[in-house]
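Undergrad: Residue-level listing of the chains:
2 protein chains.
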Amino acid sequence: MPPESPAARETLGVAHNGIALTEPLVLQSGVTLAGVTVAYQTWGTLNADKSNGVLVCHALTGDQYVIGTHPVTGKPGWWNDLVGPGKIIDTDRFFVICANVLGGCMGSTGPKDINPATGKAWGLSFPVITIPDMVQAQAKLLDHLGVRRLFCVIGGSMGAMQVLEWAHRYPERVFAAVPIAGSYRHSAQNIAFHEVGRQAIMADPDWCQGAYADEGKIPKRGLAVARMAAHITYLSETALHRKFGRRLQDRDALTYGFDADFQVESYLRHQGYTFVDRFDANSYLYITRAMDYFDLAAENNGVLAEAFTGTKVRFCLISFSSDWLFPTVESRAIVRALNAVAANVSFVEVVSDKGHDAFLLDEPEFHQTLQGFIDGSADAHGLPARRKP
Amino acid sequence: MPPESPAARETLGVAHNGIALTEPLVLQSGVTLAGVTVAYQTWGTLNADKSNGVLVCHALTGDQYVIGTHPVTGKPGWWNDLVGPGKIIDTDRFFVICANVLGGCMGSTGPKDINPATGKAWGLSFPVITIPDMVQAQAKLLDHLGVRRLFCVIGGSMGAMQVLEWAHRYPERVFAAVPIAGSYRHSAQNIAFHEVGRQAIMADPDWCQGAYADEGKIPKRGLAVARMAAHITYLSETALHRKFGRRLQDRDALTYGFDADFQVESYLRHQGYTFVDRFDANSYLYITRAMDYFDLAAENNGVLAEAFTGTKVRFCLISFSSDWLFPTVESRAIVRALNAVAANVSFVEVVSDKGHDAFLLDEPEFHQTLQGFIDGSADAHGLPARRKP
Numbered sequence: 001m002p003p004e005s006p007a008a009r010e011t012l013g014v015a016h017n018g019i020a021l022t023e024p025l026v027l028q029s030g031v032t033l034a035g036v037t038v039a040y041q042t043w044g045t046l047n048a049d050k051s052n053g054v055l056v057c058h059a060l061t062g063d064q065y066v067i068g069t070h071p072v073t074g075k076p077g078w079w080n081d082l083v084g085p086g087k088i089i090d091t092d093r094f095f096v097i098c099a100n101v102l103g104g105c106m107g108s109t110g111p112k113d114i115n116p117a118t119g120k121a122w123g124l125s126f127p128v129i130t131i132p133d134m135v136q137a138q139a140k141l142l143d144h145l146g147v148r149r150l151f152c153v154i155g156g157s158m159g160a161m162q163v164l165e166w167a168h169r170y171p172e173r174v175f176a177a178v179p180i181a182g183s184y185r186h187s188a189q190n191i192a193f194h195e196v197g198r199q200a201i202m203a204d205p206d207w208c209q210g211a212y213a214d215e216g217k218i219p220k221r222g223l224a225v226a227r228m229a230a231h232i233t234y235l236s237e238t239a240l241h242r243k244f245g246r247r248l249q250d251r252d253a254l255t256y257g258f259d260a261d262f263q264v265e266s267y268l269r270h271q272g273y274t275f276v277d278r279f280d281a282n283s284y285l286y287i288t289r290a291m292d293y294f295d296l297a298a299e300n301n302g303v304l305a306e307a308f309t310g311t312k313v314r315f316c317l318i319s320f321s322s323d324w325l326f327p328t329v330e331s332r333a334i335v336r337a338l339n340a341v342a343a344n345v346s347f348v349e350v351v352s353d354k355g356h357d358a359f360l361l362d363e364p365e366f367h368q369t370l371q372g373f374i375d376g377s378a379d380a381h382g383l384p385a386r387r388k389p
Numbered sequence: 001m002p003p004e005s006p007a008a009r010e011t012l013g014v015a016h017n018g019i020a021l022t023e024p025l026v027l028q029s030g031v032t033l034a035g036v037t038v039a040y041q042t043w044g045t046l047n048a049d050k051s052n053g054v055l056v057c058h059a060l061t062g063d064q065y066v067i068g069t070h071p072v073t074g075k076p077g078w079w080n081d082l083v084g085p086g087k088i089i090d091t092d093r094f095f096v097i098c099a100n101v102l103g104g105c106m107g108s109t110g111p112k113d114i115n116p117a118t119g120k121a122w123g124l125s126f127p128v129i130t131i132p133d134m135v136q137a138q139a140k141l142l143d144h145l146g147v148r149r150l151f152c153v154i155g156g157s158m159g160a161m162q163v164l165e166w167a168h169r170y171p172e173r174v175f176a177a178v179p180i181a182g183s184y185r186h187s188a189q190n191i192a193f194h195e196v197g198r199q200a201i202m203a204d205p206d207w208c209q210g211a212y213a214d215e216g217k218i219p220k221r222g223l224a225v226a227r228m229a230a231h232i233t234y235l236s237e238t239a240l241h242r243k244f245g246r247r248l249q250d251r252d253a254l255t256y257g258f259d260a261d262f263q264v265e266s267y268l269r270h271q272g273y274t275f276v277d278r279f280d281a282n283s284y285l286y287i288t289r290a291m292d293y294f295d296l297a298a299e300n301n302g303v304l305a306e307a308f309t310g311t312k313v314r315f316c317l318i319s320f321s322s323d324w325l326f327p328t329v330e331s332r333a334i335v336r337a338l339n340a341v342a343a344n345v346s347f348v349e350v351v352s353d354k355g356h357d358a359f360l361l362d363e364p365e366f367h368q369t370l371q372g373f374i375d376g377s378a379d380a381h382g383l384p385a386r387r388k389p
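From first to last, the protein sequence lines are chains W and Y. If you're matching positions, the first sequence starts at 1 in my numbering and goes up one per residue. If you're matching positions, the second sequence starts at 1 in my numbering and goes up one per residue.
Everything labelled a hint here was simulated from the structure, so no lab data went into it. Certain hints may be false.
As the list claims (entries may be wrong) - Only some residues are given here: those of chain Y computed to face chain W with a beta carbon under 10 Å:
1. Leu33
2. Ile218
3. His231
4. Asp252
5. Leu254
6. Glu265
Said to hold, decoys possible - Derived DEER-like restraints, expressed as beta-carbon distance ranges:
7. Arg242/W with Cys208/Y: 37 to 43 Å
8. Asp277/W with Gly119/Y: 54 to 60 Å
9. Thr69/W with Asn301/Y: 46 to 52 Å
10. Thr22/Y with Asp277/W: 28 to 34 Å
Only a predicted model underlies this, so the values are computations on that prediction, with no experimental measurement involved. Heads up, the beta-carbon is just placed ideally off N, CA and C, and yes, glycines get one too.
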């Protein structure tokens, strides 16, 4: 019997590809979680050496649908610009894997699932999960897929946290690591923004102390407000000004009311109220908590460098100059720690006015940096060179 | 019969000093608002020349209780550091006035008051008010107090918007103007943050479409979330880091739950849930809307300088280096416009890591700058010199 077996999970009417873990996960909190499913997608083919695996780690509200058409929203995948045949993360060269994080709501086990002990949705009785827990689940998936060692692990924002955790916890399983627009620990300001989002969800009476599924309700208003607040932090002031300024929405003059007079208001409302159709409120609580708890220095006696002692992983860190959620200073702190242990590290601060969201967007300097690092690392890893167009 | 008559208004069990305007206000929206009360406090004595009046304009959630003990919260006034006998805004020298803004909830007419036409609380039927409307009401108060021309009008944040409007609309009534940490128009990002706050309030079922007073309810949860989101923007990342970092609240280790593990979470919750005891949710909607609508350039053919053509007002602008809500670039834009009309203007960016809130705090460079400007202007205005301690 294989240690893991295929499992299909359904969310919002969509069946997700996944595996059911045979062994329970022992979480960082000490809690044992049995019956875990890891939902995932892959693209490309694992080579004979099993050396061309690329693990993509998604951000807070992302999921495993990196490219193609998202099965729930019908929109393009969140990294269509970067991943695909002939693209920087070339699915003709690499075997690309992305798993929905533990605690998520796109097929991997999370608070919306049924707690086998009660027959009801977990809700707030689901154990708090952490970034290391997410990474542990991904490692089980790689075992199942036969990928002992990854060519590369890459991700932005919360994805970058997972990348760092991978390099720390499984250095022998990672050849190259690319944490983008990330941090080794969540700042006070970022915890504060997450707390506002959680409070908005918990303030919604339809949240029902987390048991909304049992009550047949959805805390849409609270989740929408949480998303709106978060969304502001993903953009720079400059980007907001360029996109919207003080322009009015489908009107010539102020209405002297509380409708969305300004385009930026209309945009935010749209962001908030479309989000609730694809995301679970409790998952939002759990995943933001995982980010808040992440502190790779604290896990290593308060010394970040100790997380990487003796590492042979090749690192490429990328930050964006207008990102105020995960500013460049956060990436620099990681670079300094890696330098302190003589790690192989390159670092680029991409000049961009697009804010944190730049890692999802078509930013030429970002893409060029990444292309250079991926191609050079593939060469160093003994993978065939990229087919030039 | 005097054009205005004394009126006492009660809020939260506290009687506020005020005047009832005899004439209706014609608002910027074109709506006529009758039966307006302006609640206010004064300190010091108007001199024989009636030339020593200082109007203090409060910020979004401030009020007329600038100094002393706040009658509702029991806490010190919001500018106790700056205003008082022997202080920079010296109540032994100046006749200091502060009015609760129109639309507020500390005694001036606002959405929580009874609409005489219906006998019910105004709620959302209260007309949208603007910064110019607030200033118009203040001008009526000054008429009542016999202050034809102010020595100085001063305020931070939304107070700075009122100061700019005063200098624009009533230049002959202002000798010196001090807009601190302000802007001539609310940015897209700031509108976005306000919109999140409004959406949080409106998402609370206890808001009852604004008619919560009739229903005997208070949308506490929504208002608390709005306050929490706003509060983050008042502090700098550095200040949050220094005050809280990732320190835990009354515990030695993470609890792996959704209690306030981190001090910054506990602080934010406290800020949110104490605010609702002193502020009205609909007032929050109306006053944020007034700030969003403010655009002194748009009021002047899109050219800010035209707002100040030929002005004889002496200006002192102050910004704070770590203020990301009203960053220095906003004050510089005003300085440039004033320079373009050859106005008398001085400008200081105070180096501070305390964020927007610095204007409320004991910042020595800020206070020194202000002391110099006030004393020099008092001299130029023919007021007696400050008694040196």
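Undergrad: If a hint holds in the structure, say so; if it does not, say that too.
TA: Structure-based check of each hint:
With a least beta-carbon distance of about 12 Å to chain W, the hint placing leucine 33/Y at the interface is violated under the 10 Å criterion. Of the supplied interface hints, the one on isoleucine 218/Y is violated, with its beta-carbon coming no nearer than about 13 Å to a beta-carbon of chain W, more than 10 Å. Restraint check, histidine 231/Y versus chain W: the minimum CB separation of about 8 Å is within 10 Å; hint holds. Annotation: interface hint on aspartate 252/Y violated; nearest CB of chain W at approximately 13 Å, more than 10 Å.
With 10 Å as the threshold, the beta carbon of leucine 254/Y comes within range of chain W, its nearest partner Cβ sitting at about 6 Å, so the hint holds. At its closest, the beta carbon of glutamate 265/Y sits 5 Å from a beta carbon of chain W; the interface hint therefore holds under the 10 Å criterion. The supplied range of 37 to 43 Å is met by arginine 242/W and cysteine 208/Y, whose beta-carbon atoms lie about 38 Å from each other. Evaluation of the 54 to 60 Å hint for aspartate 277/W and glycine 119/Y yields a failure: the beta carbon distance comes to about 42 Å.
About 48 Å separates the C-beta atoms of threonine 69/W and asparagine 301/Y, a value consistent with the hinted range of 46 to 52 Å. The given range of 28 to 34 Å is broken by threonine 22/Y and aspartate 277/W, whose C-beta atoms sit roughly 54 Å from each other.
Going down the numbered hints, you'll see the structure goes against 1, 2, 4, 8, 10, while the others check out.
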